[in-house]
Amino acid sequence: MNQHQTQRRQVLRAGGGLAVLGALAAAGIVLPRQALAEWNKQAFDAKTLDDAMKAMGAEAPANSGDVQIVASDIAENGAVVPVQAVSKLPKTEKIAILVEKNPSMLAASFDLGPETLPEVTARIKMGQTSNVIVVVKADGKFYMASKEIKVTLGGCGG
Amino acid sequence: MGSPMKIRATSKDGVTEIKVLMSHEMETGQRKDASGAVVPAWFINEVTAKLGDKTVLQAQWGPSVSKNPYLAFKVKGGQAGDKVTVTWVDNKGDTRTDTATVS
Chain W
1 MNQHQTQRRQ VLRAGGGLAV LGALAAAGIV LPRQALAEWN KQAFDAKTLD DAMKAMGAEA
61 PANSGDVQIV ASDIAENGAV VPVQAVSKLP KTEKIAILVE KNPSMLAASF DLGPETLPEV
121 TARIKMGQTS NVIVVVKADG KFYMASKEIK VTLGGCGG
Chain H
1 MGSPMKIRAT SKDGVTEIKV LMSHEMETGQ RKDASGAVVP AWFINEVTAK LGDKTVLQAQ
61 WGPSVSKNPY LAFKVKGGQA GDKVTVTWVD NKGDTRTDTA TVS
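For the record, the sequence lines run as chains W and H.
According to full-length UniProt numbering, the stretch in the first sequence is residues 1 to 158, in order.
According to full-length UniProt numbering, the stretch in the second sequence is residues 1 to 103, in order.
None of these hints come from the bench; they were simulated from the model.
Be careful, since some hints might not be right.
Pairs of lysine-lysine residues, derived as DSS-like cross-links and limited to a Cα-Cα distance of at most 25 Å, are as follows [claimed, not checked]:
1) 150/W / 91/W
2) 76/H / 88/W
3) 67/H / 150/W
4) 94/W / 67/H
5) 74/H / 91/W
6) 54/H / 94/W
7) 94/W / 141/W
8) 74/H / 12/H
9) 19/H / 88/W
10) 6/H / 67/H
11) 88/W / 6/H
12) 47/W / 92/H
13) 47/W / 32/H
14) 32/H / 88/W
15) 88/W / 67/H
16) 74/H / 54/H
17) 91/W / 32/H
18) 101/W / 83/H
19) 88/W / 47/W
20) 91/W / 67/H
21) 50/H / 94/W
22) 147/W / 47/W
23) 94/W / 32/H
24) 54/H / 12/H
25) 74/H / 32/H
26) 94/W / 19/H
27) 147/W / 67/H
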């Protein structure tokens, strides 16, 4: 617990651009929460893909053809990009969607129940043309796939 | 509190498909308003879905999820009449829970 809190403090200190969120967290408005697994702030604040993966416990996942990203090659509106992430791997327990060139790379991570099929659909924002990466945890191991989606109108401006 | 979610759940061939449309600004914290001040981040960061009393999906979201988030997934089992309950919590601590019936 102590180590975790220290890590979080380091993240807050490092995240100059996220001062507002940091202040909220410090004031206890953002956290804590009851019952649920704690929001993985470190992963969502990560500035590089490696850091985001590490924060999820997924160091250098292997590329896998059993992980599929269903999305169109070109998104006309970066504010709303539908993405379906599908895993064909047995015992898939987690699916995460990342956008490599977004300021906050990790868009969403889903923890699946044992009866939940490993396919989730969400809509994400993309600031610019970028690789979309899906990371899957199946049977304790991490796998990934990536797909470039071209954005003609950015979704993080105004 | 936020506005109600739209939840549609349908059961077919032993699989229940759940589709949820939430109503939320999902402000990234990157945008500036007309006066140049940064609009503070405001987004749903946790979502929990239950079929009956079993938790079938827990999501953690960042600001990269689109405004008025859409989520669709499938669960083995479930039948017409079962309850689907979806709860979200945002980074300001606001929360909302809505329920729908599987058809």
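Against the structure, the hints:
| no. | hint | in the structure |
| --- | --- | --- |
| 1 | 150/W / 91/W | violated (32 Å) |
| 2 | 76/H / 88/W | holds (15 Å) |
| 3 | 67/H / 150/W | holds (20 Å) |
| 4 | 94/W / 67/H | holds (23 Å) |
| 5 | 74/H / 91/W | holds (15 Å) |
| 6 | 54/H / 94/W | holds (17 Å) |
| 7 | 94/W / 141/W | holds (10 Å) |
| 8 | 74/H / 12/H | holds (10 Å) |
| 9 | 19/H / 88/W | holds (21 Å) |
| 10 | 6/H / 67/H | holds (14 Å) |
| 11 | 88/W / 6/H | violated (29 Å) |
| 12 | 47/W / 92/H | holds (23 Å) |
| 13 | 47/W / 32/H | holds (21 Å) |
| 14 | 32/H / 88/W | violated (41 Å) |
| 15 | 88/W / 67/H | violated (29 Å) |
| 16 | 74/H / 54/H | holds (14 Å) |
| 17 | 91/W / 32/H | violated (43 Å) |
| 18 | 101/W / 83/H | violated (39 Å) |
| 19 | 88/W / 47/W | violated (29 Å) |
| 20 | 91/W / 67/H | violated (31 Å) |
| 21 | 50/H / 94/W | holds (16 Å) |
| 22 | 147/W / 47/W | holds (20 Å) |
| 23 | 94/W / 32/H | violated (34 Å) |
| 24 | 54/H / 12/H | holds (19 Å) |
| 25 | 74/H / 32/H | violated (38 Å) |
| 26 | 94/W / 19/H | holds (19 Å) |
| 27 | 147/W / 67/H | holds (22 Å) |
Taken one by one, the earlier hints fail for this structure at numbers 1, 11, 14, 15, 17, 18, 19, 20, 23, 25, listed in ascending order.
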